[in-house]
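Chemist: Okay, here's what each chain looks like letter by letter:
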Amino acid sequence: MAVEIGGMGHSVKRKEDPRFIRGKGNYVDDLKLPGMLYMDIVRSPYAHAKILNIDASKALAIPGVAAVITGKDLDAYKLAWMPTLMSDTQMVLPIDRVVYQAQEVAVVIATERYIAADGVAAVEVEYEPLPPVVDPFKALEPGSPLVRPDHADRPTNHIWHWESGDKARTDQLFAEADVVVKEHIYLPRIHVSSIETCGCVASFDKVSGKLTVWMTTQAPHAIRTVFSLVTAASAVGQIPEHKIRIISPDIGGGFGGKVPVYPGYVCATAASVLTGLPVKWIEDRSENLQADSFARDYHMDVELAAKKDGRFTAMRVKTLADHGCADAAANPSKFPAGLFNVCTGSYVMEAAHVEVDGVYTNKPPGGVAYRCSFRVTEAVHAIERIVDSMAQKLQVDPADLRMKNFIPPDKFPYKSPTGWEYDSGNYPAALKKAMDKVGYAQLRREQARKRAKGELMGIGISTFTEIVGAGPSHTFDILGIKMFDSAEIRVHPTGSAIVRIGVQSQGQGHETTFGQIVAEELGLPVENITVEHGDTDTAPYGLGTYASRSTPTAGAATAMAARKIRDKAKLLAAHLLEASPDDLEWVDYKFQVKGTPSKSKTMAELAFAAYTNHPQGMEAGLEAVSYYDPPNLTFPFGAYICVVDIDRGTGEVKIRRFVAVDDCGNIINPMIVEGQIHGGLTMGMAPALLEAITYDENGNIQQGTMMDYLLPTSMETPAWETDKTTTPSPHHPLGAKGVGESATVGAPPAIANAVVDALSHLGVTHIDIPVTPWKVYEILKAHGLTEE
Amino acid sequence: MRFEGHETINAPIEAVWAFFMDPHRVAECAPGYQSMEVLSPTRFKPKVGVGIGVVKATFTLDVELDELREPEHVLVKAHGVAAGSAVDIHGGADMKPSSPTITEMDWTATVNVSGTLASVGARLMESTARKLTARFFECVREKVETPK
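So the sequence lines, in the order shown, correspond to chains A and B. Read in this note's numbering, the first sequence has 402 at position 402, and its numbers run on one by one without any break. Read in this note's numbering, the second sequence has 53 at position 53, and its numbers run on one by one without any break.
These are calculated hints, taken from the structure and not from any lab test. Predicted model, so just to flag it, every value in this text is computed and none were measured. Mixed in with the good hints, there may be bad ones.
[Stated by the list, open to error] The list that follows gives simulated cross-link-like pairs (lysine to aspartate or glutamate, DMTMM-like), each with its CA atoms no further than 20 Å apart: (1) B/Lys56 with A/Glu128; (2) A/Lys450 with A/Glu788; (3) B/Lys77 with A/Glu128; (4) A/Lys393 with A/Glu176; (5) A/Lys50 with B/Glu37; (6) B/Lys56 with A/Asp708; (7) A/Lys50 with A/Glu126; (8) B/Lys47 with A/Glu124; (9) A/Lys58 with B/Glu37; (10) B/Lys47 with A/Glu126; (11) B/Lys77 with A/Asp55; (12) B/Lys45 with A/Glu126; (13) A/Lys50 with B/Asp88; (14) B/Lys45 with A/Asp55.
Extracted from the complex, chain A is given alone in its bound form (with noise of 0.2 Å):
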């Protein structure tokens, strides 16, 4: 019965996938509007400089050039700056100067896409270049460059200062420790480079005063409040929000990327508003990886501090932000530093302080919570690195001293030193079941055997807790609005239902998982339910799907809404089955009068009783919407081992075999949090070991193709090993987790872990990430270990 319904804990094939792999998926891109013009974006080659002049008469003069719009433009409509998610500010166009390379100067809107690219070419710009700052710590100091002179109350590139914990007991308990250690940890700039890049079809009906934006969005709903105020403050006058329409169609692939407002989306509303035409708008590959926000740029100074015997007392962690020339970072706008001071991790300590200071600097804006929940990847990147520096220096095996430092299973809920309450957890089970499946033991041997070889290997361990859901809207809200989601189910008289909900998919299958929530609570067959997202003229309001919310929120507000239609359905079971409500239960996916299966009515008979039957006095229909507003955000778990060999030739890194065990609470659907487990760890492993964005003294992006930025393909990509331990989330309806992101977050430490570990007999006790054979050949050749 359960597998015909395809409910939860079912591998449900992705109802999504057969479009995608016919090529019949929906994007952006594939929208051709009558009349539609295109646009293409003028973009600055200095990082820092006037712009003295802008001559458009020979873009002009192209035929099918329809207008250049420029910063001076839109100021006139008050249109050249625009809000950032964090209350900062950013140019939608520069009126006078632009601070950084790649930056929007001008947008070109023409009849076809090629000549948008050869009025964009002819655009002439006068610039007088000005020195940039590139280097955060360079852009503190005296006399340096000022990245945001606008900001005239503050003529400093120091955005805030932020910090969480106990700072006096902390410093004490240091003072008071056996044993400290500290290292210096980079994470360097990365970008998300999804499949698809950003882009936008904007639409304004002159008539109607209708705005609809096809956009590459992960947030639809918040979008259109943020349009709707940003035209209240402008000279264009509001558009209301009744009369904005954000459709998110499919989506190439998201990972926290399309969360943003990019000046493009705004330039492509404007020119339609100001047209009356549709105008499309699709970043090309290299604009996508040179503009688009950035993610991590994290300097910290990790300490832990322990007692003789190993236990943890204290953490404390300095950390410098590099947020480029905007803190435009997607976090919750109570959290500077997004939910960085999470990490304490996995342990049980007695206090902790972190203390986070945001820079600016002559670069695109930084922020991005790429696959992760608000700088949680550079929190697990923290503790899990400065635990292995701890068992290098107390020469014991890191995995003991993890498990003898673990949050003990019997401690939940858990309240970390800076305040989190950690719902649920199992650690050493986690540990425990990947130790057995990599066999820790025998590796350890093998290990020592080769060392005395001179041959380099190393075992790398990260028991990484994630943060996710955000979240209980008393702490969380982006720009006033409250983090909560929705659903909305509405069950048809045959038997078939539709399902809305307020968050939406770039790619992780909710049109399948989400019918599996109302399957298993209503009974009715996943097949025979459409779910429908990304529209805000038809879903209900959600804040969409970054931070992995939308299993935690949206799944929960499913299942609540759902059980409210079971709830009404059990009303017309009693009087279809002229029993009293008291005396029915759900079994199997049926109503039955109690200890009498033959007496039973299913949901497809009591969804047709709604509204052709339904008793006087009840309402006909059958449909329900919740807003969930969960109690706590869910602390997904893992433990993964990571085994690599080294090359002493090349310096390569390769993983020769890496275990996860991931703990996501109850699962919806095993194959797709399969799935998730295995991208997540394949872009965990990217900036691991390739991948890293840097500039050059003068602002220049080092990394502006894939030539030389490097993502891995199948090729770098090692046979992952999965396993799970399931430990349900206490207070989720479903008792599930997200899992989008755990690996993407646990994986990094993990290898960095192996490759310090194959080297900590030479006394490297850290290395930056990404592990390049270059820094590994450097290491290997400072001790003659080089061989031809």
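Take the given structure of chain A and dock chain B to it, following the hints.
Modeler: Relative to chain A, chain B alone:
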């Protein structure tokens, strides 16, 4: 990027000087030269196409000669923009005769490239610049060493 070099040109220093003071003759040797506007004897605006790897850009340069000490010393400042890219060059050349028919020339150039060309072509920039420089001087020698 900083480049420097030494060239031996088999021609009298006066001929070499005259060559470098004639923007049209120099332009003939400039790789990717398309056209030029001469504003004064020491200021001109050539248009040159540059390709680094797959990236091609047409620069309109603003070139100015300075500190001229005939026939032995000249400084060159050039600033150019192309779609998405910009270049700033500070260069200089010192010449002296090692015989009445041979000129020794020491030159330096500091080149700052910004934008697409710098970010997309970074790995190829130095080798491309060296190749173009070599081609330029080969052309110069050919033109100066063969009297018209």
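Chemist: Hints first: check each against the structure and report whether it holds.
Modeler: Structure-based check of all given hints:
Between B/Lys56 and A/Glu128, the direct Cα distance comes to roughly 23 Å. Violation of the 20 Å bound is thereby established for this hinted pair. About 19 Å separates the Cα atoms of A/Lys450 and A/Glu788, which keeps this hinted pair within 20 Å; it holds. A threshold of 20 Å between alpha carbons decides the hint, and for B/Lys77 with A/Glu128 the separation of about 15 Å falls inside it, so the pair holds. About 17 Å separates the Cα atoms of A/Lys393 and A/Glu176, which keeps this hinted pair within 20 Å; it holds.
Proximity of A/Lys50 to B/Glu37 is assessed by CA-CA distance (about 26 Å); at most 20 Å being required, the pair is judged violated. Straight-line distance between C-alpha atoms of B/Lys56 and A/Asp708 comes to about 18 Å, which keeps the hinted pair within the 20 Å bound. A C-alpha spacing of about 8 Å is found between A/Lys50 and A/Glu126, which places the hinted pair at or below 20 Å, so the restraint holds. Restraint check for B/Lys47 and A/Glu124: the C-alpha separation of about 14 Å stays at or below 20 Å, so the hint holds.
The straight-line distance between the Cα atoms of A/Lys58 and B/Glu37 is roughly 18 Å, inside the 20 Å bound, and the hint therefore holds. For the suggested pair B/Lys47 and A/Glu126, the alpha carbons sit about 16 Å apart, so the restraint of at most 20 Å is met. Taking the CA atoms of B/Lys77 and A/Asp55, the gap is near 24 Å; set against the 20 Å cutoff, the hint is violated. For the suggested pair B/Lys45 and A/Glu126, the alpha carbons sit about 15 Å apart, so the restraint of at most 20 Å is met.
Distance check on the hinted pair: A/Lys50 and B/Asp88 sit about 15 Å apart at the alpha-carbon level, within 20 Å; holds. Restraint check: the Cα-Cα separation between B/Lys45 and A/Asp55 comes to about 18 Å, which is no more than 20 Å; the hinted pair holds.
Comparing the model with each numbered hint stated earlier shows that hints 1, 5 and 11 do not hold.
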